[in-house]
Amino acid sequence: MLAQGVFFILAAVALSSGVMVITRRNPIHSVLWLIVTLFSVGGIFLLQYAQFLFAVQIILYVGGIMVLYLFVIMLIRVETVVKQPPFSRQWPIGLAAVVVLAGELVWGIVKGAPSFRLSAPAQAGIDLRNTESLASVLYGNYLLPVEIASLLLLVAMVGAVLMAKKRFD
Amino acid sequence: MGIPPEYFLLLGTGLFTIGVIGVLTRRNIIVILMSIELILNAVNINLVAFSRLSGNVQGQVFALFVITDAVAEAAVGLGLIIALFRNKETVNADEIDLLKW
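As given, the protein sequences belong to chains A and B, one line each in that order. Our numbering numbers the first residue of the first sequence as 1 and each following residue consecutively. Our numbering numbers the first residue of the second sequence as 1 and each following residue consecutively.
In short, the hints are calculated from the structure, not lab data. Don't take each hint at face value.
[As the list claims (entries may be wrong)] Straight-line distance between alpha carbons at most 30 angstroms, and here's what the computed DSS-like set of lysine-lysine pairs gives:
(1) B:Lys88 to A:Lys83
(2) B:Lys88 to A:Lys165
(3) B:Lys100 to B:Lys88
(4) A:Lys166 to A:Lys83
(5) B:Lys100 to A:Lys165
(6) A:Lys166 to B:Lys100
(7) A:Lys83 to B:Lys100
(8) A:Lys165 to A:Lys83
(9) A:Lys166 to B:Lys88
As the structure is a prediction and not an experimental result, all values here were calculated from the model.
Start from the sequences, fold in the hints, and give me the full structure.
In structure tokens:
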């Protein structure tokens with residue numbers, strides 16, 4: 001019961017701050033609301049005993065990516081953005097398409113809800129060694145994908161530097 | 001007494017929907033990138049929920065890879081925005097129509 005209450009609070013905070021992210025006129029306010037969303041999603045992770053992902057969410061997302069966003073927003077001129085209309089011309093069509101998509105998704109999940117109740121073996125015990133088991137799977141079965149991900153990060157780093165540097169020719 | 005797994009899926013659907021609305025209706029490219037972060041977080045909620053449901057950590061490993069992708073996307077995307085603003089003096093998605101006509 002307590003877990004359900006915590007879940008509903010976190011879900012309400014995540015959804016309402018997500019709506020605030022896409023409706024604020026000023027992108028800095030959007031970033032701040034996105035931080036609230038990321039914190040509550042991290043709380044959802046913690047509620048499902050994914051402690052390592054919770055730490056990664058806080059350190060990497062909130063501490064890293066959001067600071068990067070704030071830096072870039074400071075590099076562009078925000079005061080001209082604030083005066084312009086925030087939504088594009090085709091917003092009614094986009095909204096209608098997304099409402100149809102969300103209806104389909106919710107219908108599918110609600111209709112298929114009994115099939116998600118598997119045997120529920122993990123509901124009983126609490127895995128207190130989440131980081132350890134995650135590491136053994138990550139560096140055992142998924143060693144090659146980890147290497148590929150590191151290569152992807154290298155390419156992204158070089159690409160970002162190349163993209164943002166001034167051309168002197 | 002745990003939380004039913006479809007609650008997590010519905011929460012993921014809600015966040016995903018909000019993210020897609022942001023991508024389709026906003027003009028500012030930075031807010032569009034933030035909406036993509038919302039979508040990736042919705043995917044992570046689903047992956048962690050299924051990981052808990054099936055009783056192993058493979059879903060959490062995939063969520064880690066999704067976070068890696070989100071980092072790479074943010075770095076390259078924000079670099080692109082800086083290059084774009086230097087050349088076109090705008091961050092509005094509907095004003096960048098050089099390849100359109």
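Tested hints:
| no. | hint | result |
| --- | --- | --- |
| 1 | B:Lys88 to A:Lys83 | 18 angstroms, holds |
| 2 | B:Lys88 to A:Lys165 | 16 angstroms, holds |
| 3 | B:Lys100 to B:Lys88 | 15 angstroms, holds |
| 4 | A:Lys166 to A:Lys83 | 29 angstroms, holds |
| 5 | B:Lys100 to A:Lys165 | 26 angstroms, holds |
| 6 | A:Lys166 to B:Lys100 | 26 angstroms, holds |
| 7 | A:Lys83 to B:Lys100 | 26 angstroms, holds |
| 8 | A:Lys165 to A:Lys83 | 29 angstroms, holds |
| 9 | A:Lys166 to B:Lys88 | 14 angstroms, holds |
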